[in-house]
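Chemist: Quick note, the sequences are listed as chains X, F and E, same order. Going by the numbering used here, the letters in the first sequence line up with residues 0 to 197, in that order. Going by the numbering used here, the letters in the second sequence line up with residues 228 to 825, in that order. Going by the numbering used here, the letters in the third sequence line up with residues 121 to 229, in that order.
Mixed in with the good hints, there may be bad ones.
Below are the BS3-like pairs computed for lysine-lysine, each with C-alpha atoms no more than 27 Å apart in a straight line [stated by the list, open to error]:
1. F:K760 x F:K822
2. X:K169 x E:K190
3. E:K190 x E:K142
4. F:K645 x F:K746
5. X:K161 x E:K190
6. F:K746 x F:K239
7. F:K239 x X:K161
8. F:K720 x F:K648
9. F:K502 x X:K89
10. X:K89 x X:K169
11. F:K720 x F:K239
12. F:K746 x F:K648
13. F:K374 x F:K502
14. F:K502 x F:K822
15. E:K142 x X:K161
16. F:K746 x F:K720
17. F:K239 x F:K822
18. X:K169 x F:K822
Beyond 12 Å from chain E on every Cβ pair, some chain X residues (computed) [stated by the list, open to error]:
19. K19
20. F67
21. R163
These are computed hints drawn from the structure, not numbers from a lab. No experiment lies behind these values; they were computed from the predicted model shown. Glycine included, C-beta positions come from ideal geometry on N, C-alpha and C.
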Amino acid sequence: MSDASHAEHHYTSLGIDNRKLGMWLLIASECLLFGTLITTFMIFRHHSVSGPSPADVLDIPITSISTFDLLMSSFSIVLALYAIEQGNHKLFRRWILVTAIGGLIFLGFQTYEFTNFVHEGLGLSTNVFGSSFFMLTGTHGLHVAVGVIWLLSLYFASLRGKLREDAALKVDTMALYWHFVDVIWIVIFTVVYLFVYV
Amino acid sequence: MTEAALHPSYPKSGLWSWLTTVDHKRIGILYGVTALILLCIGGTEAMLIRTQLIVPNNTFLSADTFNAMFTMHGVTMIFMFVMPMNAAFFNYMVPLQIGARDVAFPRLNALSYWVFLFGALLFHTSFLVGHLPEVGWFGYANLTTEKYSPGMGTDFWVIGLQLLGLASLIASINFITTIVNMRAPGMTAMRMPLYTWTALITNILLLLALPVITVALAQVLFDRHFGTKIYEPGEGGSVILWQHLFWVFGHPEVYILILPPMGIVSEILPTFSRKPLFGYSAMVYATAGIGFLAFTVWAHHMFTVGMGPWATAIFSASTMLIAIPTGVKIFNWIFTMVGGQVRLTTACLFSIGFIAMFTIGGLSGVMHASPPIDTQQQDSYFVVAHFHYVLVAGAAQGLLAGIYYWFPKFTGRMMSEKLGKIHFWLNIIGVNLTFFPMHFLGADGMPRRIYTYPSGMGFDFWNFWITMGAYITAVSGLIFLINVWTSLRNGEKASADPWDARTLEWAISSPPPEYNFAKLPTVTARDDFWHRKYELKNFQPEGPAHVELPNPTAWPLVVGIGLALLGYGFIFGYALSFIGVAITIIGAYGWSFAKFEG
Amino acid sequence: MSAEHNAHALEHEHPGPLTYAKVAAVLTILTAMEVWVFYLPAVRSMLVPILIVLSGTKFTLVVMFYMHLKYDHGAFSRVLIGGVFIAFGIFLWILALFTYSLPIPLSIS
Numbered sequence: 000m001s002d003a004s005h006a007e008h009h010y011t012s013l014g015i016d017n018r019k020l021g022m023w024l025l026i027a028s029e030c031l032l033f034g035t036l037i038t039t040f041m042i043f044r045h046h047s048v049s050g051p052s053p054a055d056v057l058d059i060p061i062t063s064i065s066t067f068d069l070l071m072s073s074f075s076i077v078l079a080l081y082a083i084e085q086g087n088h089k090l091f092r093r094w095i096l097v098t099a100i101g102g103l104i105f106l107g108f109q110t111y112e113f114t115n116f117v118h119e120g121l122g123l124s125t126n127v128f129g130s131s132f133f134m135l136t137g138t139h140g141l142h143v144a145v146g147v148i149w150l151l152s153l154y155f156a157s158l159r160g161k162l163r164e165d166a167a168l169k170v171d172t173m174a175l176y177w178h179f180v181d182v183i184w185i186v187i188f189t190v191v192y193l194f195v196y197v
Numbered sequence: 228m229t230e231a232a233l234h235p236s237y238p239k240s241g242l243w244s245w246l247t248t249v250d251h252k253r254i255g256i257l258y259g260v261t262a263l264i265l266l267c268i269g270g271t272e273a274m275l276i277r278t279q280l281i282v283p284n285n286t287f288l289s290a291d292t293f294n295a296m297f298t299m300h301g302v303t304m305i306f307m308f309v310m311p312m313n314a315a316f317f318n319y320m321v322p323l324q325i326g327a328r329d330v331a332f333p334r335l336n337a338l339s340y341w342v343f344l345f346g347a348l349l350f351h352t353s354f355l356v357g358h359l360p361e362v363g364w365f366g367y368a369n370l371t372t373e374k375y376s377p378g379m380g381t382d383f384w385v386i387g388l389q390l391l392g393l394a395s396l397i398a399s400i401n402f403i404t405t406i407v408n409m410r411a412p413g414m415t416a417m418r419m420p421l422y423t424w425t426a427l428i429t430n431i432l433l434l435l436a437l438p439v440i441t442v443a444l445a446q447v448l449f450d451r452h453f454g455t456k457i458y459e460p461g462e463g464g465s466v467i468l469w470q471h472l473f474w475v476f477g478h479p480e481v482y483i484l485i486l487p488p489m490g491i492v493s494e495i496l497p498t499f500s501r502k503p504l505f506g507y508s509a510m511v512y513a514t515a516g517i518g519f520l521a522f523t524v525w526a527h528h529m530f531t532v533g534m535g536p537w538a539t540a541i542f543s544a545s546t547m548l549i550a551i552p553t554g555v556k557i558f559n560w561i562f563t564m565v566g567g568q569v570r571l572t573t574a575c576l577f578s579i580g581f582i583a584m585f586t587i588g589g590l591s592g593v594m595h596a597s598p599p600i601d602t603q604q605q606d607s608y609f610v611v612a613h614f615h616y617v618l619v620a621g622a623a624q625g626l627l628a629g630i631y632y633w634f635p636k637f638t639g640r641m642m643s644e645k646l647g648k649i650h651f652w653l654n655i656i657g658v659n660l661t662f663f664p665m666h667f668l669g670a671d672g673m674p675r676r677i678y679t680y681p682s683g684m685g686f687d688f689w690n691f692w693i694t695m696g697a698y699i700t701a702v703s704g705l706i707f708l709i710n711v712w713t714s715l716r717n718g719e720k721a722s723a724d725p726w727d728a729r730t731l732e733w734a735i736s737s738p739p740p741e742y743n744f745a746k747l748p749t750v751t752a753r754d755d756f757w758h759r760k761y762e763l764k765n766f767q768p769e770g771p772a773h774v775e776l777p778n779p780t781a782w783p784l785v786v787g788i789g790l791a792l793l794g795y796g797f798i799f800g801y802a803l804s805f806i807g808v809a810i811t812i813i814g815a816y817g818w819s820f821a822k823f824e825g
Numbered sequence: 121m122s123a124e125h126n127a128h129a130l131e132h133e134h135p136g137p138l139t140y141a142k143v144a145a146v147l148t149i150l151t152a153m154e155v156w157v158f159y160l161p162a163v164r165s166m167l168v169p170i171l172i173v174l175s176g177t178k179f180t181l182v183v184m185f186y187m188h189l190k191y192d193h194g195a196f197s198r199v200l201i202g203g204v205f206i207a208f209g210i211f212l213w214i215l216a217l218f219t220y221s222l223p224i225p226l227s228i229s
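Generate coordinates for the entire structure from the input sequences, incorporating the hints supplied.
Modeler: Right under this line is the structure:
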């Protein structure tokens, strides 16, 4: 490709990368998605006619630990991004793996929590609190799971030498998704768990 | 001479070239052709509805079939005609208008078409299995629960809409990124064609409104299949929540439908008046204002629900407010023509028709904005009149105008002006005869969504003539299709700029080369092409010899198939969903590792 | 060329591990404070505003530092703020409508 066409090829109106802008737009959209789920939960959390209520089942200490875990995974992923910006694939892989493990631990906590709730009599179809709780946290968990798969894909791509072109951008874009998933959990932890007696 | 550096296996023709295309122009054509086919299906449903209502106590359709017909008609026309036709124009015209070679994410663009197509197919699979949704296009809870709508019909509605919504969401990310970040050098925001502005605002509305209905539909799905209680009043759930969530999406949706046709009209009138658009800045701000206010008015669909006087009054006020920027646009279109050298081509006629018809629809809308008046009009034929004026006499005429205007650009052929004018006049007579009397029926108390009516209520006369109007409209549609067909085969060949127009898409050949612009233009003014023709008196110079284009690929189609199977699984068995997820994941990996260019 | 240069320049402006670690520490402290405040009977009546401030601060720190909004092009900030603003507006309005207009439903057997 000639110099002129190369320059033309990479010209952008704002000097930002399309993929990064695309990810931010997705994030804006997801604000509305989770907003709807959270609002539904807040409307219904005390409206069940039978079955367990929030105060009966929500466990603040355990959830505090999983919240902390997810927050720290945001820290590990910025370290992974920093590493790949420096071109250090080995360090990148270490931190991305730590992040993926952090995500898996979070999912482990969620599984434990959900199983406990079911044993205590709160399922998806038990009452309107259960329905709105599981739909909200389930959707969030699904987002974490997709994130973990994505993180591991980046890990293996790096390992096989396939993460060369635009590596920093690809990790940056993924990291934005991961942070967003964390930020939504910050909101959920407060509004679902810490507001339990409100 | 510029040569696009095409991948050696770049198929130029044949089915495979269409299945693997990532070219925005081809994807635009795919959307447009699919939309026209679905228009015929939706139109047939309308004819069936009107035939049932032609006389009182008719037995042409059973009550259930009638309910299914208006449900399918509504969903088809909104989601499978107007929206994809809008998408067809976004796809084809936006990159050309901003001086780009393609959209930001060409493969994602292909994916959004496939997901749309599969959504439309899934929705119409209901015909094949004989289980149609009968819940209305807006599916109020708890009619949509398993108890009151058992069987697959409603599931087709839920999953179909989810897929259709997903297609639009994916596309919205694409178009916003394209318009924000891929404009030609020198094209500042206030030099963008107005159509591009309406495309931008519409896609922002899609981005933010769709997730709300995604959740609401998921809640319906879960209530139906997994026993959740979201819309079960007896368990503490709320049917009112559905109405809120639906209309938080639904109201921006109607602006999503109308803004692009308004943008089209804003391109056509200046061209055929040989004058720039009157009050360009005001038009931009009005469009943005309408976009923002669209999120503040939703509960005007719920005035009769009993939200209480404060809520009702606030929503009434915001609804009336939205009439202001809309009025600005109407005046600006009129002032564009005043003092211009107006040429009444078919495209121009439809644009003028749009202004007149949309004004009528807007007036009945403002009447609805008053809660006391709306209390009588709600759920009556007055509402049916209102929205058909804005959508059929309005949006559809705007889209038809766009087809007549841009057909030469897409196809390299001119459409017949003679047939076009016959189409126009029959259409104007037809839609007015069909929808104007509905105001009278509504004022006289005829409710919506009733499959028949008794004689002696004063409804007989107008129902008969409305149906006649519907048949006339159908004939006008047939003439249009004949015009399209014969023009494609024998139409006069079109030059690059047959209308002596103003914007960049007319600077390149009809149809454009694969790479659009040999050299990306440097823009120095609004209506830059007009500026070059008449002020600078220069066209763009020759470009580089070698342009790289993205490779065609089947991965978007694969992912689309995976998502479709995921959807079908909810209706026919979860095993299909698991297969669908697997295919989606495989497709996603294939896609990430496929070479984008070269 | 300018786009690539811009993109690289921005990346060099991004903060280093030390800043990130400080943010992580603050996030930990804020989380601990949220949980502590939850268990403190004395502030129970003020719990909602306090938690909103604490969570809001965590949200802002992650968004500004980890998601780099502080350092990146303003377009990204506008996108996020737009989405958050619309979401907040609509959902607060719906919550208000549900809190003040509708009675709590009775059970229907």
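Chemist: For each hint, tell me whether it holds in the structure or not.
Modeler: Against the structure, the hints come out as follows:
no.	hint	result
1	F:K760 x F:K822	violated (40 Å)
2	X:K169 x E:K190	holds (20 Å)
3	E:K190 x E:K142	holds (16 Å)
4	F:K645 x F:K746	violated (37 Å)
5	X:K161 x E:K190	violated (31 Å)
6	F:K746 x F:K239	holds (22 Å)
7	F:K239 x X:K161	violated (31 Å)
8	F:K720 x F:K648	holds (19 Å)
9	F:K502 x X:K89	violated (62 Å)
10	X:K89 x X:K169	holds (16 Å)
11	F:K720 x F:K239	holds (22 Å)
12	F:K746 x F:K648	violated (38 Å)
13	F:K374 x F:K502	violated (60 Å)
14	F:K502 x F:K822	violated (46 Å)
15	E:K142 x X:K161	violated (33 Å)
16	F:K746 x F:K720	holds (25 Å)
17	F:K239 x F:K822	holds (19 Å)
18	X:K169 x F:K822	holds (15 Å)
19	K19	violated (7 Å)
20	F67	violated (6 Å)
21	R163	holds (16 Å)
Hints 1, 4, 5, 7, 9, 12, 13, 14, 15, 19, 20, counting from the list given before, are not met by this structure.
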